[in-house]
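There are 2 protein chains.
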Amino acid sequence: MISDKMSKSLQAAICIRDIFEEGKKLADIYGKENIFDFSIGNPNVEPPAIVNESMIEILKTEKPLALHGYPSNIGHPDVRAKVAEYLNETYKTDYTFENIAMTSGAAAALVLISNTFLDISDEVITFSPYFWEYKSYVESLYGKLVPALCDQKTLQPDPDTFRAAFTERTRLVFINTPNNPTGAVYTEESIRMVCDILREKEQEYGHPIYLVSDEPYRQLAYGGIKVPYIPHFYKNTLVVYSYSKALSIPGERIGYIAVGSDVDGFAEIMAGITASMRYLGYVNAPSLQQKMLLKCVDASVDVSQYERNRNLLYEGLTAMGYECIRPDGAFYLFFRALEEDDAKFCAEAKKELILLAPGSAFHGPGFVRASYCVSYDVIQRSLPAFQRLMDSYRKKEK
Amino acid sequence: MISDKMSKSLQAAICIRDIFEEGKKLADIYGKENIFDFSIGNPNVEPPAIVNESMIEILKTEKPLALHGYPSNIGHPDVRAKVAEYLNETYKTDYTFENIAMTSGAAAALVLISNTFLDISDEVITFSPYFWEYKSYVESLYGKLVPALCDQKTLQPDPDTFRAAFTERTRLVFINTPNNPTGAVYTEESIRMVCDILREKEQEYGHPIYLVSDEPYRQLAYGGIKVPYIPHFYKNTLVVYSYSKALSIPGERIGYIAVGSDVDGFAEIMAGITASMRYLGYVNAPSLQQKMLLKCVDASVDVSQYERNRNLLYEGLTAMGYECIRPDGAFYLFFRALEEDDAKFCAEAKKELILLAPGSAFHGPGFVRASYCVSYDVIQRSLPAFQRLMDSYRKKEK
Numbered sequence: 001m002i003s004d005k006m007s008k009s010l011q012a013a014i015c016i017r018d019i020f021e022e023g024k025k026l027a028d029i030y031g032k033e034n035i036f037d038f039s040i041g042n043p044n045v046e047p048p049a050i051v052n053e054s055m056i057e058i059l060k061t062e063k064p065l066a067l068h069g070y071p072s073n074i075g076h077p078d079v080r081a082k083v084a085e086y087l088n089e090t091y092k093t094d095y096t097f098e099n100i101a102m103t104s105g106a107a108a109a110l111v112l113i114s115n116t117f118l119d120i121s122d123e124v125i126t127f128s129p130y131f132w133e134y135k136s137y138v139e140s141l142y143g144k145l146v147p148a149l150c151d152q153k154t155l156q157p158d159p160d161t162f163r164a165a166f167t168e169r170t171r172l173v174f175i176n177t178p179n180n181p182t183g184a185v186y187t188e189e190s191i192r193m194v195c196d197i198l199r200e201k202e203q204e205y206g207h208p209i210y211l212v213s214d215e216p217y218r219q220l221a222y223g224g225i226k227v228p229y230i231p232h233f234y235k236n237t238l239v240v241y242s243y244s245k246a247l248s249i250p251g252e253r254i255g256y257i258a259v260g261s262d263v264d265g266f267a268e269i270m271a272g273i274t275a276s277m278r279y280l281g282y283v284n285a286p287s288l289q290q291k292m293l294l295k296c297v298d299a300s301v302d303v304s305q306y307e308r309n310r311n312l313l314y315e316g317l318t319a320m321g322y323e324c325i326r327p328d329g330a331f332y333l334f335f336r337a338l339e340e341d342d343a344k345f346c347a348e349a350k351k352e353l354i355l356l357a358p359g360s361a362f363h364g365p366g367f368v369r370a371s372y373c374v375s376y377d378v379i380q381r382s383l384p385a386f387q388r389l390m391d392s393y394r395k396k397e398k
Numbered sequence: 001m002i003s004d005k006m007s008k009s010l011q012a013a014i015c016i017r018d019i020f021e022e023g024k025k026l027a028d029i030y031g032k033e034n035i036f037d038f039s040i041g042n043p044n045v046e047p048p049a050i051v052n053e054s055m056i057e058i059l060k061t062e063k064p065l066a067l068h069g070y071p072s073n074i075g076h077p078d079v080r081a082k083v084a085e086y087l088n089e090t091y092k093t094d095y096t097f098e099n100i101a102m103t104s105g106a107a108a109a110l111v112l113i114s115n116t117f118l119d120i121s122d123e124v125i126t127f128s129p130y131f132w133e134y135k136s137y138v139e140s141l142y143g144k145l146v147p148a149l150c151d152q153k154t155l156q157p158d159p160d161t162f163r164a165a166f167t168e169r170t171r172l173v174f175i176n177t178p179n180n181p182t183g184a185v186y187t188e189e190s191i192r193m194v195c196d197i198l199r200e201k202e203q204e205y206g207h208p209i210y211l212v213s214d215e216p217y218r219q220l221a222y223g224g225i226k227v228p229y230i231p232h233f234y235k236n237t238l239v240v241y242s243y244s245k246a247l248s249i250p251g252e253r254i255g256y257i258a259v260g261s262d263v264d265g266f267a268e269i270m271a272g273i274t275a276s277m278r279y280l281g282y283v284n285a286p287s288l289q290q291k292m293l294l295k296c297v298d299a300s301v302d303v304s305q306y307e308r309n310r311n312l313l314y315e316g317l318t319a320m321g322y323e324c325i326r327p328d329g330a331f332y333l334f335f336r337a338l339e340e341d342d343a344k345f346c347a348e349a350k351k352e353l354i355l356l357a358p359g360s361a362f363h364g365p366g367f368v369r370a371s372y373c374v375s376y377d378v379i380q381r382s383l384p385a386f387q388r389l390m391d392s393y394r395k396k397e398k
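In the order they appear, the protein sequences are chains C and X.
When we follow this note's numbering, the leftmost residue of the first sequence carries the number 1, and every step to the right adds one.
When we follow this note's numbering, the leftmost residue of the second sequence carries the number 1, and every step to the right adds one.
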């Protein structure tokens, strides 16, 4: 009935959302408080109060027809100017509203960009492990996602796998730091290496290759670590941002694309993004969520709550003997499964009512992802369950 | 720099949005009050007060994390249940929340459905003239849009052109009534004819062919005319709705897809739509706009204002000698251009500061579309300009 493309994709899907839905069912059986659901990146720190205050004020003061009417496809000029101003202050850039396109979150932005740049069989490189939906975004438009495996000790981009991933058809590179699923913040050294290779490949192939920096976790970095702003290192960068995590509003779908005026083909790219807003049915990012940003562009959730969670989970699991790579950002801990088959390990964990996402779903087999955007209390209460899980594997080994 | 697909599409685009943007520029030069902008379907009747009231109440009473967090990809179950209940009461259907997927408006819904059903080179038939973006929706996913020209006297579907449009590759038929750009409400007789031919073709080709009923103007019908509810006439129907027009909130992007449980492949279709929400980057329709519907599902703008506009414009232009087909719904008047080349005619009209959309953009050459979702006063003041336009053509003829 449905297309072959969709049919195959549904069969192949290792869908973290399914674990999430299953978690809801388990909660019904065992009680929500007894489930340790680390499966999905659903923010749990309260949105800053200014989000609702701003929305209410707008609803009370703006003329409804103007507020709820069609803005330009890429957004309200005043909102785009506000975003530009914030970025200029924060990163010493020189954007104006013309460099900013408001989108329905970062996922939308990545698909809009893919639709702007990709013909059938064009390729997008990304560093793996990667957010599993990247593959769907690119393949829905008949492009090909090519993973470049990160160094397995550091989870930083690896120059050899990256270089080997390029072909004549490479059009885009997706980079995501702080990273989902690993929590790694790519170092300035890594970024410089990536950008040097990109310049080398642009020259080799004689056409621009665009770096798409997917940064929904930009505000979520811990221990004072600095997240490099990618356009400072590579001209042909498109920045993709979402307010889902910084403001804890993932259900509201609001974010943007920032494209510097010096990016090769700037005008064409903005025209392509604008057209893609219509062609893919977005029309525009929701108007009220856009306007809300006029007061919230520099607001943030209390990031220290995530940091506290990270410390508890990382230190707890490490102490038990789990092999964890310390995450510096986002709200994910990526650690080695206790057996080769990470899906089987997740099934074992579920017996302890611990819900984890298998690394294979992120092109990172042998690992699992724990999303620690849960209450501190859940992590505390989960530790004995993690200990039992470890014990059960140690028993098997004997 | 950008893809060939996008590049060609940008060159070919006759974009009504461009006229809209140009209108803004003309308004700067001549003053907004002197421009007769009939170019775009941007609702001008005030949203019902309940829209803002409902949003404010939700913002004040719901827990922010739950309100702004991720709902299921196809929406909040309580909202979907509310929509189902409304449809059941109105159309004697038997939907539950499982038959409803909340989407970011009707445009999104059409793309999500296209992504669910189409492989490369699969075909979608639609009755022309048609809303020009249909072509972009289908072609962005490498499908083919096949127009079946309506009867030029009545603007109702024509059995001969419709029958001739089918091939082995036909997967979907898009139907849009009340229609953009013509304002025609397809009669029950037309609907029955369309559905009979569909059943005939399903049998001929041995597989389901789905009718996608795009109904953003369902509430906007005049003179007590009845808009038939398509699933009553054809089982394999997917209904696509948007609240943009009924509530005057096109910037907020909220609508739904309704699929009856008896539609062939129901479960697979819902799974495909759910996956497409993620694959195309939508994730979910904006959460606040969804929740707003709990109180607004049966609200409506004051439709009589559009009817009054229709009467004034239709009667005014007809009296001057323009050849108009009386529109029974939506807020569009489709009338014959005064010369063969409708784009040239639009350019002539612009000299009188009348902005119209050329019929060619809708696969309806020789006609133009006037969107009468403007103030009554604008229509009144435009009539002398329309008269001058007519006079100038009559002068040329001599």
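Think of the hints as simulated: they come from the structure by calculation, not from any bench.
Any given hint could be a false lead.
As the list claims (entries may be wrong) - Derived BS3-like pairs (lysine-lysine); straight-line CA-CA distance at most 30 Å:
id: 1; chain 1: C; residue 1: K235; chain 2: C; residue 2: K92
id: 2; chain 1: C; residue 1: K60; chain 2: X; residue 2: K344
id: 3; chain 1: X; residue 1: K24; chain 2: C; residue 2: K25
id: 4; chain 1: X; residue 1: K24; chain 2: C; residue 2: K24
id: 5; chain 1: X; residue 1: K395; chain 2: C; residue 2: K295
id: 6; chain 1: C; residue 1: K63; chain 2: X; residue 2: K295
id: 7; chain 1: C; residue 1: K235; chain 2: X; residue 2: K295
id: 8; chain 1: X; residue 1: K25; chain 2: C; residue 2: K63
id: 9; chain 1: X; residue 1: K398; chain 2: C; residue 2: K32
id: 10; chain 1: C; residue 1: K295; chain 2: X; residue 2: K295
id: 11; chain 1: X; residue 1: K235; chain 2: X; residue 2: K32
id: 12; chain 1: X; residue 1: K92; chain 2: C; residue 2: K295
id: 13; chain 1: X; residue 1: K395; chain 2: C; residue 2: K63
id: 14; chain 1: C; residue 1: K144; chain 2: X; residue 2: K144
id: 15; chain 1: X; residue 1: K235; chain 2: C; residue 2: K295
id: 16; chain 1: X; residue 1: K344; chain 2: C; residue 2: K8
id: 17; chain 1: C; residue 1: K32; chain 2: C; residue 2: K295
id: 18; chain 1: C; residue 1: K60; chain 2: X; residue 2: K235
id: 19; chain 1: X; residue 1: K92; chain 2: X; residue 2: K201
id: 20; chain 1: X; residue 1: K63; chain 2: C; residue 2: K32
id: 21; chain 1: C; residue 1: K295; chain 2: X; residue 2: K8
id: 22; chain 1: X; residue 1: K144; chain 2: X; residue 2: K201
id: 23; chain 1: X; residue 1: K32; chain 2: C; residue 2: K60
id: 24; chain 1: X; residue 1: K201; chain 2: C; residue 2: K8
id: 25; chain 1: C; residue 1: K153; chain 2: C; residue 2: K398
id: 26; chain 1: C; residue 1: K25; chain 2: X; residue 2: K25
id: 27; chain 1: C; residue 1: K24; chain 2: X; residue 2: K396
id: 28; chain 1: C; residue 1: K63; chain 2: X; residue 2: K201
id: 29; chain 1: C; residue 1: K63; chain 2: X; residue 2: K8
id: 30; chain 1: X; residue 1: K92; chain 2: C; residue 2: K201
id: 31; chain 1: C; residue 1: K63; chain 2: X; residue 2: K92
id: 32; chain 1: X; residue 1: K344; chain 2: C; residue 2: K144
id: 33; chain 1: X; residue 1: K235; chain 2: C; residue 2: K8
What the hints assert, rightly or not - Partner residues are not named here, just some residues of chain X that face chain C (Cβ under 8 Å, in silico):
id: 34; residue: Y86
id: 35; residue: T96
id: 36; residue: A107
id: 37; residue: P147
id: 38; residue: D151
id: 39; residue: A347
Predicted model only: the values in this text are computed from it and were never measured.
Cβ atoms here follow ideal geometry from the backbone N, Cα and C, with glycine treated the same way.
Taking the hints in turn, this is what the structure says about them:
1. K235(C) x K92(C): At roughly 14 Å apart (the allowed maximum being 30 Å), K92(C) and K235(C) satisfy the hint.
2. K60(C) x K344(X): Answer violated: K60(C) to K344(X) is near 44 Å, above 30 Å.
3. K24(X) x K25(C): violated, 53 Å
4. K24(X) x K24(C): violated, 50 Å
5. K395(X) x K295(C): Distance of about 57 Å is beyond 30 Å: violated.
6. K63(C) x K295(X): holds, 21 Å
7. K235(C) x K295(X): Measuring from Cα to Cα gives roughly 48 Å; hence the hint is violated.
8. K25(X) x K63(C): Measuring from Cα to Cα gives roughly 22 Å; hence the hint holds.
9. K398(X) x K32(C): violated, 83 Å
10. K295(C) x K295(X): Holds, at roughly 27 Å.
11. K235(X) x K32(X): Status violated; Cα separation ~48 Å.
12. K92(X) x K295(C): violated, 45 Å
13. K395(X) x K63(C): violated, 45 Å
14. K144(C) x K144(X): Within the cut-off at roughly 22 Å; holds.
15. K235(X) x K295(C): It is violated: about 48 Å lies between the C-alpha atoms, which goes past 30 Å.
16. K344(X) x K8(C): violated, 48 Å
17. K32(C) x K295(C): Not satisfied, since the Cα-Cα distance of roughly 35 Å exceeds 30 Å.
18. K60(C) x K235(X): Violated, because 44 Å separates the two Cα atoms, which is more than 30 Å.
19. K92(X) x K201(X): holds, 28 Å
20. K63(X) x K32(C): This hinted pair holds, its Cα atoms lying about 18 Å apart.
21. K295(C) x K8(X): Answer violated: K295(C) to K8(X) is near 39 Å, above 30 Å.
22. K144(X) x K201(X): holds, 18 Å
23. K32(X) x K60(C): Between K32(X) and K60(C) the Cα gap is close to 26 Å, so the pair holds against 30 Å.
24. K201(X) x K8(C): holds, 26 Å
25. K153(C) x K398(C): holds, 27 Å
26. K25(C) x K25(X): Violated, at about 56 Å.
27. K24(C) x K396(X): violated, 73 Å
28. K63(C) x K201(X): Distance ~50 Å between K63(C) and K201(X) Cα, so the pair is violated.
29. K63(C) x K8(X): violated, 39 Å
30. K92(X) x K201(C): Status violated; Cα separation ~62 Å.
31. K63(C) x K92(X): violated, 37 Å
32. K344(X) x K144(C): The given pair, whose Cα atoms are some 43 Å apart, is violated under the 30 Å limit.
33. K235(X) x K8(C): holds, 26 Å
34. Y86: violated, 20 Å
35. T96: violated, 18 Å
36. A107: holds, 4 Å
37. P147: Hint violated; P147(X) Cβ to chain C Cβ min 18 Å, cut 8 Å.
38. D151: Constraint on D151(X) not satisfied, violated at 29 Å.
39. A347: This hint is violated: A347(X) lies away from chain C, its Cβ roughly 23 Å from the closest one there, beyond 8 Å.
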